[in-house]
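J.: Working from the sequences, and respecting the hints, build out all of it.
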Amino acid sequence: AQSVAQPEDQVNVAEGNPLTVKCTYSVSGNPYLFWYVQYPNRGLQFLLKYITGDNLVKGSYGFEAEFNKSQTSFHLKKPSALVSDSALYFCAVRGSGNTPLVFGKGTRLSVIA
Amino acid sequence: SQTIHQWPATLVQPVGSPLSLECTVEGTSNPNLYWYRQAAGRGLQLLFYSVGIGQISSEVPQNLSASRPQDRQFILSSKKLLLSDSGFYLCAWRSRTTNEKLFFGSGTQLSVL
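Sequence lines, in order, name chains E and U.
One rule links them: number in the working numbering = place in the first sequence (from 1) + 133.
One rule links them: number in the working numbering = place in the second sequence (from 1) + 159.
The set of hints was computed from the structure by calculation and includes no laboratory data.
Since the model is a prediction, treat every value here as computed from it, not as a measurement.
Relax, there's no trap hidden among the hints.
Taking lysine-lysine pairs in the DSSO-like style, the calculated list, with each CA pair at most 30 Å apart, reads:
1) E/LYS210 x E/LYS191
2) E/LYS238 x E/LYS191
3) U/LYS239 x E/LYS238
4) U/LYS238 x E/LYS238
Not close to chain U: a few residues of chain E, all C-beta gaps over 12 Å, as computed:
5) ASN145
6) GLU148
7) ASP218
8) ALA246
Note that beta-carbon positions come from the ideal geometry of N, C-alpha and C, so glycine has one too.
T.: In structure tokens, the structure reads:
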């Protein structure tokens, strides 16, 4: 069975500093990896995905993520955090075919001015 | 372009009452459809998914059920709500034929009192 771990419930970063939100996964076969962001009382918005190819994936709003197969990780990163980046971030994984997307429990990012 | 509609946005129901949440997708055909629940602003729990009309996979046994009477319609139901059914319910879809991301509806905040 596939699973996702986001080890940090909360990440606090000063505005302008780099940020990292951690994610590790477990899946049979090649992983399909995703990051989503959620603002209060809203649905989830897609940030980026890794399917195949370059291990460094660039996404929306200046975010990027690095796929590391040996460490089964897909950490989300941004070089310079903004206060507006404060939100709940979800990592997700699925296998091939019609397998459903499984989400981590989320990491709340707070960027402090 | 494709859109997903989910309603109602908020719902307050007494314990023991029935539930029906509806989700429809426009602009695509044969989508995979999903219901997720989010408790207390945190992790997403996959409840049901469907790869076709009348085909429902249940991920978590509980007093909820799902149906897919039409290709682009996905309904979440309960005959008798429990307090523990309170949460934020999200409908989502993705194309079956690509490695595309999930697209989420705006969610329904259900409070069972």
